[in-house]
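Got chain A; can you put chains B, C and D with the ligands on it based on the hints?
Residue numbers (numbering that gives the first Met the number 0), protein chains in the order written: chain A, 0 to 315; chain B, 0 to 315; chain C, 0 to 342; chain D, 0 to 342.
Check each hint, because a few of them may be wrong.
[Said to hold, decoys possible] Restricting the straight-line Cα-Cα distance to at most 25 angstroms, the calculated cross-link-like pairs of lysine-lysine (BS3-like) are:
{"no.": "1", "chain 1": "D", "residue 1": "K339", "chain 2": "A", "residue 2": "K130"}
{"no.": "2", "chain 1": "B", "residue 1": "K23", "chain 2": "D", "residue 2": "K339"}
{"no.": "3", "chain 1": "C", "residue 1": "K339", "chain 2": "A", "residue 2": "K78"}
{"no.": "4", "chain 1": "B", "residue 1": "K78", "chain 2": "D", "residue 2": "K339"}
{"no.": "5", "chain 1": "C", "residue 1": "K32", "chain 2": "C", "residue 2": "K44"}
{"no.": "6", "chain 1": "C", "residue 1": "K32", "chain 2": "A", "residue 2": "K34"}
[Stated by the list, open to error] Negatives, chain A to chain D, calculated, CB over 10 angstroms:
{"no.": "7", "residue": "G3"}
{"no.": "8", "residue": "V59"}
{"no.": "9", "residue": "G124"}
{"no.": "10", "residue": "C129"}
{"no.": "11", "residue": "Q211"}
{"no.": "12", "residue": "S217"}
{"no.": "13", "residue": "L258"}
{"no.": "14", "residue": "R259"}
{"no.": "15", "residue": "T260"}
{"no.": "16", "residue": "R263"}
{"no.": "17", "residue": "A272"}
{"no.": "18", "residue": "A278"}
{"no.": "19", "residue": "R286"}
{"no.": "20", "residue": "E288"}
{"no.": "21", "residue": "E290"}
[Claimed, not checked] One-sided and incomplete, this derived list gives chain D residues near chain B with beta-carbon spacing under 10 angstroms:
{"no.": "22", "residue": "F83"}
{"no.": "23", "residue": "H281"}
{"no.": "24", "residue": "R298"}
{"no.": "25", "residue": "F338"}
Note that these hints are calculated values from the structure, not bench results. Built from N, CA and C at the ideal position, the CB exists for glycine as well.
Listed here are the chains, written in short residue letters.
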Amino acid sequence: MKCGEIDIRRAYHLLRTIRRSEEKIIEIYSLDVIKSPVHLSIGQEHLAVGACMALDDNDVLFSNYRGHAHYLARGGSLKAFWAELYGKSNGHARGKAGSMHLVDMEVNFMPASAIVASAIPNAVGYALACKMRNEERIVVCFHGDGAADEGVFWESLNFAALKKLPILFICENNGYAIYSTQRQRMAGGSISEKAERFGIPASFHECPGTQQVWKLVSEAADGIRNGNGPQLLEMTTYRWFDHVGTDDDHDLGFRDIALRTGARNRDDVVKLAALLSPADVMAIDERVEAELAAAIAYAETGEFPGSDELMGHDYV
Amino acid sequence: MKCGEIDIRRAYHLLRTIRRSEEKIIEIYSLDVIKSPVHLSIGQEHLAVGACMALDDNDVLFSNYRGHAHYLARGGSLKAFWAELYGKSNGHARGKAGSMHLVDMEVNFMPASAIVASAIPNAVGYALACKMRNEERIVVCFHGDGAADEGVFWESLNFAALKKLPILFICENNGYAIYSTQRQRMAGGSISEKAERFGIPASFHECPGTQQVWKLVSEAADGIRNGNGPQLLEMTTYRWFDHVGTDDDHDLGFRDIALRTGARNRDDVVKLAALLSPADVMAIDERVEAELAAAIAYAETGEFPGSDELMGHDYV
Amino acid sequence: MLSYGAALLEAIEQEMERDQSVFVMGQGVDDQKGQYGSTLGLHKKFGAARNFDTPIAEDAMTGIAVGAALAGMRPVHVHQRMDFLMLCMNQLVNMAAKYSYMSAGQVSVPMVVRASIGRSWGQGPQHSQAPYPFFMHVPGLKVLAPTTPHDAKGSLIAAIRDDTPVLIVEHRLLYGNQGIVPATEFEIEFGKARILRKGSHVTLVGVSYTVVDCLRAASMLASCGIDAEVIDLLSLAPLDSAAVLESAARTGRLVVVDNSWVTCGAGAELLARLQESPLGEHVRAKRLGYAPVTCPTTRPLEDIFYPSPRSVAVEAMKLCGRDPADLGELAVAREIEEFKGPF
Amino acid sequence: MLSYGAALLEAIEQEMERDQSVFVMGQGVDDQKGQYGSTLGLHKKFGAARNFDTPIAEDAMTGIAVGAALAGMRPVHVHQRMDFLMLCMNQLVNMAAKYSYMSAGQVSVPMVVRASIGRSWGQGPQHSQAPYPFFMHVPGLKVLAPTTPHDAKGSLIAAIRDDTPVLIVEHRLLYGNQGIVPATEFEIEFGKARILRKGSHVTLVGVSYTVVDCLRAASMLASCGIDAEVIDLLSLAPLDSAAVLESAARTGRLVVVDNSWVTCGAGAELLARLQESPLGEHVRAKRLGYAPVTCPTTRPLEDIFYPSPRSVAVEAMKLCGRDPADLGELAVAREIEEFKGPF
Ligand SMILES: Cc1ncc(C[n+]2csc(CCOP(=O)(O)OP(=O)(O)O)c2C)c(N)n1
Ligand SMILES: Cc1ncc(C[n+]2csc(CCOP(=O)(O)OP(=O)(O)O)c2C)c(N)n1
Ligand SMILES: [Mg+2]
Ligand SMILES: [Mg+2]
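In isolation and in its complexed conformation, chain A is listed as follows:
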């Protein structure tokens, strides 16, 4: 188990990297150099950072189309990320994946899926393999509240519980699936309450900050690593921008602007900065800008894949 406290410096560096990367996406999106849908994590980054920092290197991550924060928090390559957004052959999947299918096998970050809930059983299957091979590592599966609408989520939970698999489900409950609130879509108790009845120890956490997430995940990971079977952590959060793309959607009339104000007041990028010295913050910020600039340059100077690349990586 990770002991003591989260490394705030590192957490801030990750948070800042994610935030600035996405701000940069917002800045340049209208230039149409990123020709692919983007699902921003802004407002939810700290869940990814707190969780990923609590894991071991050989633990395995499953994410989804809203994966920027997960990927970067896990330590996925920033350069390959940017090049992939640009559709270049120096991207992590040579341009074939784009923002919705981030992958970095160097850090055990599995290819993300854009079909809601679809990678959840894959994560369970990976955990089954870990258990069959008696490996120490655990699988962590990030998913949204919307994923719990899908039957496959419950099927997956059942099997994970039945076989006591080493998997941690992290439900990033931002209250919405696109423009539908959770209550418009779901009856009954909370996702974690339901999960509990499915035999998965589960708990609900209202807007936890980076440090709390780190603690929760460290503890859960510890129990899972000890062979206690799967767990689920449901954490509420808020996405600041539109479901997809770079707009603010609060003028569409379905989300109260006060919700965003509240979320912005809780902003963990600000909060963590406040825990560091101004000099530390400045140093990290500068480093992030330099890394970001280098990554974007890497993306800009990369080549587009040639037409001979079309037929690769498939059996045909």
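Using the frame of chain A, we list chains B, C and D with the ligands on its own:
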């Protein structure tokens, strides 16, 4: 709400009709006149009888491949049933359906499906239509414990609860899906406990008899008819014979013969007979034999569908 | 003039007005975007019960539409992506398609399933598929793929009134296209293709947006003196192979451009029928469609993954014994060039 | 001599022995019937963790197999009915088929999906389907349909060792068939059809059990002096159209007998390739398959729903310009006649 007590005479007549029909199937199955898989209800008939007798004529029933008891308890045509088993054109679906897809729209018995859990959302959709049209009737959906393995079951429950639809789920929990016990397949709490968390008032009943089922369903139907939304009744039971076909499977070694002995000791056909006078029983038994003989004669004398029937009932 | 999206909206409004049993369901149908305008405001006009958002549970929701249809309602179930139909294949293939036959006609399933397909940019592997051949393969389903606003309206009305489950395939780059659409209600005819351009040298057959590719190819070919006939299949099941075979027999050359992969696609079916017919030996034929790989996300690979006016024209030139190098330039289609997301 | 079921069992035992990463999962794989003997006793031999029963949750269980494969295991997922694959199309089409390409080869999904198809009697609308054309349509999947015990063994071994997801289609009337099977391990070759009978007048092509129909048809035709060549497609994706086209060009006549509906089926693909090829104009071709309706349950309708030796021979006779009335009688196939259920 149905008041007072269940009509024992009628209940016994139905129970006896189902039992004798299936015994007849067992008797003749090796003659290969019924060229289609049969899933016997023997041992579970009283759930169907108690439930169906508690319903109104315009209530709608959804069943599954193990549907003989549901169909006959609902008052589906005995003649058309037998002719259908024989594959004759005077069968309820002109031989196209067979035992797994019983249907009798005269008594609002919907065509049954042989894909586990697949008719459950259809039943919910029917209930949605009833609600949209402000109809008084309710939908009753029979399903097995195995159906709750499928994600679509939970998706369906969620929607029924979300829209407060007039539907009663009756889980006939015989403890097995083919040769797998419920505990081999499912972690966590009981099906009804899970359903409850999904927002469906649900209760668990250990081997209820005909009268108790009738009471439970009468009460539930009453609440649903009054607009209180869906409910689920989980009732344990036991199938005496093999999952499919007419064999006894207790020699295969996965079900303890003591379970069957226990179930046979609870036999509601015997129990209800004991509540009637010997003369009544004899009269009903004789009537059942006559009806059965007539139905089998009807099936035997029916014609097989002609080759011109192949292309009908499809848009092509 | 109406856009394709507006034509669909007009169709559904007229049907909902006419028939209380018609209703719309689907993820986001009552949101601010209203599936490219095609369901916009229906909940305000007809009440929230008749145009409602659903949980993300494609399997159950499809089953619920089937069940409502069994009860005599006429649900129109809208999907943002045809890829998502992979989650409800059981309800479509094993249930909706079979209820009527297996009950010997005692019940029917008058439901409509609308699903968007197609490129724009960067939709990638899981948001770009159009597996309509699956639904052509299975008896008991009808499939329409309207290309023009006119046919969008006529298809939706015909689909709603039909007693079998009908799937409508809608390419997202078409929603903005304008066209003349009769204000009154009308139905397109199932099993009838449309000849959009008469020609004598080669027959180009498209499905949904590839019809636009064919029309543009026809212009390119015209500058080379080749007179192409362009057919919009429109009705995929039942399939109007007669119209295609008749045209191909006349021109002697046939290019079928699928809007999916080629193997076991609509083009395969048409060419097979041609091969079975005595007409086949007089026709030289060729299929086009997606490249036989998973759809890549990056634009340069996307450009060669999908068929294009040029790739269609090149095949036609080859069949005509002409050098494809003679083809002039054609700008990238406006709707592709102008596409800026975010989805 | 081994039965088809025993050949599958031998294949899996040898692979499980050889490679710790191979395991079997599926409903009932560890029960007394062991999927027609093909998984019988594996849990006893290799432990319950390597041959386990699953909940009835096809979607998640397929996703779990995919995930285990991503982790480097080699799961063999067994389905009692191919109809049930409609519940896991999302995992097969959107996930398993796509992981490798969309990660530019960083991961692969070495899984095997086995599924039974086919008639016996009275399986009806939902237990009789074989929609293998769906999987031929989508890139990223391979599909094998072995007919002989020999090829059953070679297919399963090849599938297990392959790094892409492979679907194996198994007709239930074949499990009992006996044949010579090498005791050692061997792999069939993907993309290679088998010529089972040489002939010069007409080419009969079958898929799985319809190969048996073709062989029987060939005997019937032989009594009429017609010498039929019979090809077992075996590998549906990749598809060996070259072998079929070569044979058809030689005989001048081609009958393809699908083991599913005809529209957009394997026959469609083969005839389309023939039509595209210069060979096409010299060949007269015809497709057979299921009647274009939902499968009925009653035996007399089943008999005309499925292709049969006679229906194949009749088409061949017609193509040869002969009167089908000249065909002798052929008894109903033993395996159909003897079938007595219960399933
Ligand atoms: C199976 C499927 N259905 C619908 C969609 C369209 N869709 C994309 S994201 C999304 C919302 C998912 O919500 P949630 O799981 O809460 O994640 P969030 O976007 O809030 O992070 C939907 C419905 C999809 N991608 N896949
Ligand atoms: C989707 C699907 N998967 C598997 C099967 C095979 N199968 C038929 S019945 C059955 C067991 C169902 O058990 P349960 O729901 O408890 O009903 P019971 O047979 O006990 O009445 C299974 C697995 C099927 N028909 N459909
Ligand atoms: Mg959400
Ligand atoms: Mg059961």
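Against the structure, the hints come out as follows:
no. : hint            : in the structure
1   : D:K339 - A:K130 : violated (43 angstroms)
2   : B:K23 - D:K339  : holds (17 angstroms)
3   : C:K339 - A:K78  : holds (24 angstroms)
4   : B:K78 - D:K339  : holds (24 angstroms)
5   : C:K32 - C:K44   : holds (16 angstroms)
6   : C:K32 - A:K34   : holds (21 angstroms)
7   : G3              : holds (31 angstroms)
8   : V59             : violated (8 angstroms)
9   : G124            : violated (2 angstroms)
10  : C129            : violated (7 angstroms)
11  : Q211            : holds (29 angstroms)
12  : S217            : holds (24 angstroms)
13  : L258            : holds (32 angstroms)
14  : R259            : holds (33 angstroms)
15  : T260            : holds (38 angstroms)
16  : R263            : holds (35 angstroms)
17  : A272            : holds (35 angstroms)
18  : A278            : holds (40 angstroms)
19  : R286            : holds (28 angstroms)
20  : E288            : holds (29 angstroms)
21  : E290            : holds (23 angstroms)
22  : F83             : holds (7 angstroms)
23  : H281            : violated (32 angstroms)
24  : R298            : holds (5 angstroms)
25  : F338            : holds (8 angstroms)
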